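Engineer: With chain A held as given, fit chain B onto it using these hints.
Each chain, letter by letter, is given below.
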Amino acid sequence: MKLSVRAQILCMIILTLMVLSSAISVVYTKHLNRVNFVELKKQQAIKDSKNIEWGQLQLEESTFAASSEIEKRAKNQLNMSQPQADEIVMIRQ
Amino acid sequence: MKKAKKPAKEIAIKAKFSDASASVVAGKQISSWRYFLLVFSMLAVAVFLSYRALDIQVLDNDFLQNQGQARHLRTISLPAHRGMLLDRNGEVLALSSPVVSVWANPAAVPLEDDSLKPLAELIGKPLKGLKQQISQMKTKNKEFVYLKRRLNPSLEAQVKALDIPGILTLREFKRYYPAAEVTAHVVGLNNIDEQGIEGFELQANDRLQGRPGKDRVLQDRRLVVVDSVDLLEAPHPGQDLTLSIDKRLQYIAYRELQKVVKLHNAKSATLVLLDARSGEVLALANAPSFNPNNLSNLDPEHLRNRAMTDLIEPGSTIKPFIVATGLETKQVSNSMPVNTSPGYMRVGDATIKDIKDFGELDLTTILQKSSNVGITKVAMNIPREVLWEKLSDMGFGESTKSGFPGEVVGYLPFFGEWNRVAQATLSYGYGISVTPLQLAQAYAVFANGGLLTPVTLTKNNGIVRGKRVLSTEVSQQVLAMLETVVSREGTAWQARVPGYRVAGKTGTVKKAINGGYAEKDYLALFAGIAPASDPRLVAVVVVDEPSNKQYYGGTVAAPVFANVMSEALRLLNIAPDDINSDNVRLAAAPAIEVIQ
Chain A
258 MKLSVRAQIL CMIILTLMVL SSAISVVYTK HLNRVNFVEL KKQQAIKDSK
308 NIEWGQLQLE ESTFAASSEI EKRAKNQLNM SQPQADEIVM IRQ
Chain B
462 MKKAKKPAKE IAIKAKFSDA SASVVAGKQI SSWRYFLLVF SMLAVAVFLS
512 YRALDIQVLD NDFLQNQGQA RHLRTISLPA HRGMLLDRNG EVLALSSPVV
562 SVWANPAAVP LEDDSLKPLA ELIGKPLKGL KQQISQMKTK NKEFVYLKRR
612 LNPSLEAQVK ALDIPGILTL REFKRYYPAA EVTAHVVGLN NIDEQGIEGF
662 ELQANDRLQG RPGKDRVLQD RRLVVVDSVD LLEAPHPGQD LTLSIDKRLQ
712 YIAYRELQKV VKLHNAKSAT LVLLDARSGE VLALANAPSF NPNNLSNLDP
762 EHLRNRAMTD LIEPGSTIKP FIVATGLETK QVSNSMPVNT SPGYMRVGDA
812 TIKDIKDFGE LDLTTILQKS SNVGITKVAM NIPREVLWEK LSDMGFGEST
862 KSGFPGEVVG YLPFFGEWNR VAQATLSYGY GISVTPLQLA QAYAVFANGG
912 LLTPVTLTKN NGIVRGKRVL STEVSQQVLA MLETVVSREG TAWQARVPGY
962 RVAGKTGTVK KAINGGYAEK DYLALFAGIA PASDPRLVAV VVVDEPSNKQ
1012 YYGGTVAAPV FANVMSEALR LLNIAPDDIN SDNVRLAAAP AIEVIQ
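Residue numbers (this note's numbering), protein chains in the order written: chain A, 258 to 350; chain B, 462 to 1057.
One chain only, chain B, in its complex shape:
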């Protein structure tokens, strides 16, 4: 064909040079229709080719460029790590560290030979199971299957070095909790996808969470990134968050709670330690706890942060608030004698009992001896709406506004629903409920000269706005009364801290069970303030169902308070204010010459 065409072309060119319309050259005759057909088709091909060239190069060049780029342009995700949780001194409580996950594209993995064997050894999975998993996903047409998640990042290079087709690695983050069970309830938990599901991890999830970025990159044929084309979105790492918790105090609290649970065979124990001035929670611990690093044998019961989610009846620990209300509204005065003989009284159809006949008491000794009869007589002198209003002011039945997930609001029935019996039982802490955290907040009012401060679990650098709920005089008066409780004559001698003046109140509460009160199940409570001369710390201890004979707040909960408080005061460098008592030895400061 080609050979046949060539002479024709020559002929055509020659024809052009001679005479355009000539059809006779060198004596040979070519019919004119064949000549025109030839010229026409050649022109048509030329036009088509030049159009196509134009089309590809200019008009439709996007298509080809996209096709080209599709073969080596990729959008990759830039990981952003989750913020840390720190304690008030910058110690790490929760940290995200990179780990490596191995995944497979089942269709590309060779399953017939033994090439998976080294991988199986590396990630610690049986070869048979591994093959089975991949082939199962292959039949389901899956393109992505995790083989093993969260491995040590050093394995990444080793897996890559094996170079098995279809086996790839992925960078992920794993959350570590160095303080483990000690801070577990405050810090909380994340799920496997790094989303908070408990505690602070949940509350501050939006802040802690990082936003991964996106980058468009050029890859060469070995899938190595050679150029960044376009940073679509810069990665935003999560913000760190500083909690108000002091890790050292938290540890001491947890250790003491563990001891008391063991010693008294209790169901659980809870402690809240507040900075009285700033309202910051310095320690908030529960025992038993759980290890957030290893949830394999987790008892869901241990997840509960009892300090904020358990409602308890405050029992005798509410008595100082009744006294404060009486003093504040001038319904009673400290010099007023109250006759508690014969150690019991009837209100409506209820009998209110003391442990013994205390005879004539005043407000101070009512608190010191924790007399139910005495406090009932005080409460009955206060109009119920006044009592309700003042208790509400001091935070009872209100939220602490800590914003912690799952925190429950205490319960204070509206005064319109009170009858005489309700008012009487309320005065010694039944028919009203609080969380341990809320009780601590209320006690901080006495420590703070009558100001109610919001409690917070994040560090607030001492910037707080308290609300005045008691006058300074009344608050100091009650504080002085509470100091007499921690004496040989009071109920909480075991709450004393050598070197410091301590104020506080015990409580022993019968636990409410469906429709009544348990005969033998108790809560032992202690709420205290130290140092009494210039209050800095407030603590509440609750021991649930101590069942080794002792169950009084003064013998079970008060020693926990004393142990934690003595170490907390020392660690926080708070000066002793009781240096003249018998159990403190004093020496004069050595003369300067001696030092030199």
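With the rest of the complex left out, here is chain A:
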């Protein structure tokens, strides 16, 4: 089939515009991608540092909660002692 010259020109213009807009959206998407990627990396870095902190807190906790430490504090600071057998009274239910 044959198009008139006007129709051909119109077609040409539409196609050119479509190509152009597609090209721009490619660039834009690429840009968005970069922006999001940078954000992702930032969040990953945060996660990383939180992980480090968590590990260090775990270590800190287990250092403070070490049985030897608790025992020392209970004995020295709180004057606690293990009840002797004759100090224990058992309650019959």
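Note that these hints are calculated values from the structure, not bench results.
Since the model is a prediction, treat every value here as computed from it, not as a measurement.
All residues carry an ideal CB built from backbone N, CA and C; glycine is no exception.
Just to be clear, a hint being listed does not mean it is correct.
Derived contacts from chain A toward chain B, CB cut-off under 8 Å, selection only [stated by the list, open to error]:
#1 R291
#2 G312
#3 Q315
#4 I348
DSSO-like cross-link-like pairs, simulated, lysine-lysine; straight-line CA separation at most 27 Å [to be verified]:
#5 B:K972 <-> B:K830
#6 A:K298 <-> B:K830
#7 B:K675 <-> A:K287
#8 B:K720 <-> A:K329
#9 B:K791 <-> B:K851
#10 B:K621 <-> A:K304
#11 A:K332 <-> B:K723
#12 A:K298 <-> B:K675
#13 B:K586 <-> B:K599
To be clear about the criterion: a stretch of chain B counts as covered by chain A if any three or more of its residues have a C-beta under 8 Å from a C-beta of chain A, and this derived list gives those stretches [unchecked claim]:
#14 553-559
#15 628-641
#16 705-718
#17 944-950
Structural biologist: Then chain B, alone, in the frame of chain A:
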């Protein structure tokens, strides 16, 4: 040249428009060969240029693209951390935490000026030594040299801020052991590259180990990653592993062992505490131990996990198994009197002695007094193949199948090699060897109604399949006999735990030295079960070479058992079963009105 060409071009164009073959224009004469040469060379250039354009754009575009990418595409490694080791209650026993290592590319580092000075201060190394190290590696053409490994991760930003060329940082992991020497022998060790070399770190290395991932990324000119092109391999962090160890019980065990080593000036001491029903190891400790966080002054001798790698002769602690075999095979009965007078007997050319003349004993009192003569007479009544088979059944000479690296298998000589003397000495625990762990496993048979359960160092949630090696009746009979050992009349009065009924057996073993037995070096042993009415825990204590006068299992090892057991029973909330004895005070539960 250009100016000369231009008129020629005009001429050529004009020539085209007039007559293709004309060589005479505006009265000027140009020779035809020059004209053709010109046209030809111009065409050739045009063809070459368009081919080159096609070549670059279409045919060989991979090459250029690769070249371009090579300048900003990098494959980076995504670190994966090693799994944690946890105790049965989820307490951390080993944990990998990120640290930072500083490295240099020697060729790029400026060595002439003082730009390295702040770095030297930051990583705590003398500037001179640092420069020397880098320049040495420079002459060797090395591209990578560690300056300092495993620094606090907060230093990473500071090192980066210095912005010295050729100085870079690397993220690594360091293993921390919060319980340090208390759990050192079970948990084990890693080398500097995070590979297990001892204990559980070695046994479960494949499981704990993470697999680092690979990512292809785009970097800009400041080496900042701007895009991920292709995730080649996702990182796989290592799996966590829950051990059967209870950190609290482990601490108590270690503390008591340290005390006994000091008190009796012993070479070492070992304790194994088992859950009788599940076969799980709740505590396994050795003293002296080592600090896995700081190996700088490590005595390699302390690395040894004696509970699993030291073979000991069980001595008197084997006697209950001889009695059980006799009862099980109906070769003896408890009512059978055994005359042990005059306190010694001869078998072949060996003399077997008791500490004194016990006179007439039965099976219970043989165990209670730990009479060597009595048990020898019992053992001599049992055919040797029967004795061998039953002892093998109860795990002697067999592996515990715990799978722990370096664990040794006990030794029980084949009955074909036994003579009468061997059978006699075996009955009181010489000429046979076990590890403390294996001895605990064997005692668990009495605690478990005759079932031999595999021992495990990982939490098994109580799912076990035991193997019946003794009938329930015989196992209970022996348990009742062992209860009489922990009495004023028995050898292990010091193993008693207030509020609980305890069964157990002492052992005092002369240490084997090349070709004979030492005169004054002893092992003090105690193996016990509590509470006797419904056994939950089994423990074995071994004290190596106590040398402060006392060396009997009943006076050296039994108190350790009592101390550990009383706290373990309390911590595990196991109800007292001996509430009617003299040393327990009872009160009626208060009436409800009082509470309100």
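Engineer: Below or equal to 27 Å on CA atoms is what counts here, so check K298 of chain A against K830 of chain B.
Structural biologist: Roughly 74 Å between the alpha carbons, so the hint for K298 of chain A and K830 of chain B is violated.
Engineer: The stretch 944-950 of chain B covered by chain A? Criterion: 3 or more residues, Cβ-Cβ distance below 8 Å.
Structural biologist: violated (count 0)
Engineer: Against the 27 Å threshold, does the CA-CA distance of K791 of chain B and K851 of chain B hold or violate the hint?
Structural biologist: Distance ~13 Å between K791 of chain B and K851 of chain B Cα, so the pair holds.
Engineer: Below or equal to 27 Å on CA atoms is what counts here, so check K720 of chain B against K329 of chain A.
Structural biologist: holds (15 Å)
Engineer: Any CB of chain B closer than 8 Å to the CB of Q315 of chain A?
Structural biologist: At 5 Å from the nearest chain B Cβ, Q315 of chain A passes the 8 Å test, so the hint holds.
Engineer: Please verify whether K332 of chain A and K723 of chain B have alpha carbons no more than 27 Å apart.
Structural biologist: holds (21 Å)
Engineer: Run the distance test for K298 of chain A versus K675 of chain B: straight-line Cα separation, threshold 27 Å.
Structural biologist: Holds, because 15 Å separates the two Cα atoms, which is no more than 27 Å.
Engineer: Taking beta carbons only, do three or more residues of the stretch 553-559 of chain B come closer than 8 Å to chain A?
Structural biologist: Result for this restraint: holds, n = 5.
Engineer: Let's test the interface hint: is any C-beta of chain B closer than 8 Å to that of R291 of chain A?
Structural biologist: holds (6 Å)
Engineer: Are at least 3 residues of the stretch 628-641 of chain B within less than 8 Å of chain A when you compare beta carbons?
Structural biologist: Contact hint for the stretch 628-641 of chain B vs chain A: holds, 3 residues under 8 Å.
Engineer: Have a go at the G312 of chain A hint: is there a Cβ in chain B nearer than 8 Å to its own Cβ?
Structural biologist: Holds, because the Cβ-Cβ distance from G312 of chain A to chain B comes to roughly 4 Å (cut-off 8 Å).
Engineer: When you check the alpha-carbon spacing of K675 of chain B and K287 of chain A, does it fall within 27 Å?
Structural biologist: With Cα atoms ~23 Å apart, K675 of chain B and K287 of chain A stay inside 27 Å; holds.
The structure does not agree with the numbered hints 6 and 17 stated previously, though it agrees with the rest.
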